[in-house]
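Trainee: Using the working numbering, the final residue of the sequence shown is 746, and nothing's skipped along the way.
Treat the hints as calculated values from the structure; they're not laboratory data. There's no promise every hint is true.
[Stated by the list, open to error] Label pairs and their calculated CB-CB ranges: (1) L343 x D624: 31 to 41 Å; (2) Q320 x V707: 17 to 27 Å; (3) A396 x T553: 22 to 32 Å.
[To be verified] In silico SDA-like cross-links for lysine to any residue, where the CA-CA straight-line distance does not exceed 20 Å: (4) K441 x H527; (5) K535 x T685; (6) K444 x D341; (7) K510 x G520; (8) K525 x K444; (9) K444 x S284; (10) K465 x G705; (11) K506 x E606; (12) K444 x I433; (13) K330 x R344; (14) K506 x K465; (15) K472 x T450; (16) K506 x L445; (17) K535 x R578; (18) K472 x A396; (19) K444 x R344; (20) K506 x Y427; (21) K371 x D304; (22) K340 x L329; (23) K506 x I530; (24) K485 x G705; (25) K525 x S542; (26) K340 x K465; (27) K472 x K693; (28) K620 x S602; (29) K371 x V419; (30) K333 x V419; (31) K506 x P528; (32) K485 x V574.
Note that beta-carbon positions come from the ideal geometry of N, C-alpha and C, so glycine has one too.
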Amino acid sequence: MSTYLYELPTTGAISFGDFCVDTTASNAYASHIAEATQARANLRGVLKVTKRTGTDDKDYLRLIKVLDDYLPYLHGIMACVVSGDIRLKSEPQFSWRTTLSAHLFHMSPRIALASLHADLASSLLTYAFALSNFARVTVASLGSYEYDRAISEIERKAKDEKLNFAVTMLCRASGIFTYVSEKVLLDWDKGEGASVRPPDLRKEVNAALAKMALADAQTLAIRKFLSKSAYDNAISPGPPLPKSHPSIPLIFKFHLECVSLYSSARALAMTLGSTRPSSSSSNPDSSAEVCVELRRYLADASAFHTALAHKWLGVDAGESGVHEKGGEAVAWLLWAKKELEDMKESGLGIAVGRDREKRGRKGRVADELESVGVFLAHYKKINDSLTFQPVPKQQDLQARIPTGILAVHAKPYTLPFPAFGPGSVEHARLQTETLTLEHDDSSGDEALASTTSPRTYAGAGSYF
């Protein structure tokens, strides 16, 4: 099952030397300003190449490394501006294409964004997109390995580790989205005040993306959680479950938490469409909504995990007490079957970004529908012939749905140390050396004073 595929932005050329003035007496940061321009030019070049490259051939790892190089330089310039070591001759204008806005013909407009915070927010957003897409490519390379009957235990565990790596990438992306929403955009507001921005740079949207990335990570974590039992169950599908099967209550609670995350993310993303911008706004993106592909993905994912939660609630009832809960097991599975049938008929899960995959979650819906049918037929046969338990109504089941739990957590993000200026390793070293020299000078003065002072004897100045 694929995660969301982000369209990566592109950015215009810019030279920090055009608006950054080194105010230090020795022009200590002139070379660093030039290096920052080069690092950003590298980022621009990689984004242009990535834009022209086919979906399956994009080098997301290279983009991540280029961003790792650029962010410390941008942080250094921002730190020097705050300290006064660098003065801005004019407000910098950074050009970026927005990729989350809903536009006719799926054209991503290029907009000018003022402030260093704008470039930081856009760069971090691109970083999180790249991490998410890299996780998606990693998962796609694994195939449906957990259902491969010829795979060895060593190979399965190796692919489990790769799946876990993808989970880590998505947890990192979630932390970056949260950092942009709760730190960078707030600092931007404080510095330049409220301004009209595209959906990509709105706090609500980044908070939604943080929840979606975490839900995607949890989805992959569930897959890893079930990989061993999926292999064992492939030989003999349906009940009874293999001994390697993990805790069923954990499974449906994991799915329920995914429902909560995807639903909350969609609600946040939809807030832009419910607000009207001022008529005086000149920004064409001020009235833009989040692109329909993202909104559809969130709705599909929420519905899919809801059906899976109901499936596993039914299996839990059937496996833990089929004689007492046979009717409840049938009710849960009938509910899940209806939801999955509705999804299949509506073609759910085809969209996973502005690029579309042929099978994706739509194929997974068909697989889950078949699995639900096997469990339902088994528990219904037992209930109709042995236990004769009443089948509860859907509204009665609704009150029995527990709360979900997280299987993974977002990795909090912090900016890397500045490449130069206040807060950098070099700056800290110079400060330490200065303090050491000052301490040595003061120690020398004290020693000189002690050698020039007259010698005294015990009892000097005392009268006997």
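Trainee: If a hint holds in the structure, say so; if it does not, say that too.
Mentor: Results of checking the hints against the structure:
Between L343 and D624 the beta carbon distance is about 39 Å. The supplied range of 31 to 41 Å therefore holds. Taking the beta carbon of each, Q320 and V707 are about 20 Å apart, inside 17 to 27 Å as hinted. Here the CB-CB span from A396 to T553 is close to 24 Å, well matched to the stated 22 to 32 Å. For the hint pairing K441 with H527, the CA-to-CA distance comes to about 18 Å; that is within 20 Å, so the pair holds.
Of the pairs offered as hints, the one joining K535 and T685 holds, with about 7 Å between alpha carbons and a cut-off of 20 Å not exceeded. Taking the CA atoms of K444 and D341, the gap is about 17 Å. The hint holds against a cut of 20 Å. For the hint linking K510 to G520, the alpha-carbon distance of about 15 Å falls within 20 Å, and the restraint holds. The straight-line distance between the Cα atoms of K525 and K444 is roughly 25 Å, outside the 20 Å bound, and the hint therefore fails.
At most 20 Å may separate the alpha-carbon atoms for a hinted pair to count; K444 and S284 meet this at roughly 15 Å. This hinted pair checks out: K465 and G705 have alpha carbons roughly 18 Å apart, not beyond 20 Å. Simply put, K506 and E606 have alpha-carbon atoms about 31 Å apart, too far for the 20 Å limit, and the pair is violated. A distance of roughly 15 Å separates the Cα atoms of K444 and I433; the hinted pair therefore holds under the 20 Å criterion.
Of the supplied pair hints, the one linking K330 and R344 holds, its CA atoms being roughly 13 Å apart against a limit of 20 Å. Note on K506 and K465: the hinted pairing is violated, with a Cα-Cα distance of about 33 Å set against a maximum of 20 Å. Only pairs whose Cα atoms come within 20 Å are accepted, and K472 paired with T450 is rejected, the gap being roughly 32 Å. For the suggested pair K506 and L445, the alpha carbons sit about 7 Å apart, so the restraint of at most 20 Å is met.
Proximity of K535 to R578 is assessed by CA-CA distance (about 23 Å); at most 20 Å being required, the pair is judged violated. Distance hint between K472 and A396 is fulfilled; the C-alpha atoms sit about 14 Å from each other, no more than 20 Å. Only pairs whose Cα atoms come within 20 Å are accepted, and K444 paired with R344 is accepted, the gap being roughly 19 Å. For a cut-off of 20 Å, the pair hint linking K506 to Y427 stands: about 11 Å separates their Cα positions.
Pair hint K371 plus D304 holds up; C-alpha atoms about 10 Å apart against a cutoff of 20 Å. The straight-line distance between the Cα atoms of K340 and L329 is roughly 10 Å, inside the 20 Å bound, and the hint therefore holds. At most 20 Å may separate the alpha-carbon atoms for a hinted pair to count; K506 and I530 meet this at roughly 14 Å. For the hint linking K485 to G705, the alpha-carbon distance of about 27 Å lies beyond 20 Å, and the restraint is violated.
For the proposed pair K525 and S542, the alpha carbon gap of about 30 Å is over 20 Å, so the pair is violated. Pair hint K340 plus K465 does not hold up; C-alpha atoms about 30 Å apart against a cutoff of 20 Å. Under the criterion of a C-alpha separation no larger than 20 Å, the hint pairing K472 with K693 is inconsistent with the structure, at around 26 Å. The straight-line distance between the Cα atoms of K620 and S602 is roughly 23 Å, outside the 20 Å bound, and the hint therefore fails.
Distance hint between K371 and V419 is unfulfilled; the C-alpha atoms sit about 43 Å from each other, more than 20 Å. Between K333 and V419 the alpha-carbon distance is near 16 Å, which keeps this suggested pair within the 20 Å criterion. Taking the CA atoms of K506 and P528, the gap is near 11 Å; set against the 20 Å cutoff, the hint holds. Restraint check for K485 and V574: the C-alpha separation of about 19 Å stays at or below 20 Å, so the hint holds.
When held up to the earlier numbered hints, the structure conflicts with 8, 11, 14, 15, 17, 24, 25, 26, 27, 28, 29 and fits the remainder.
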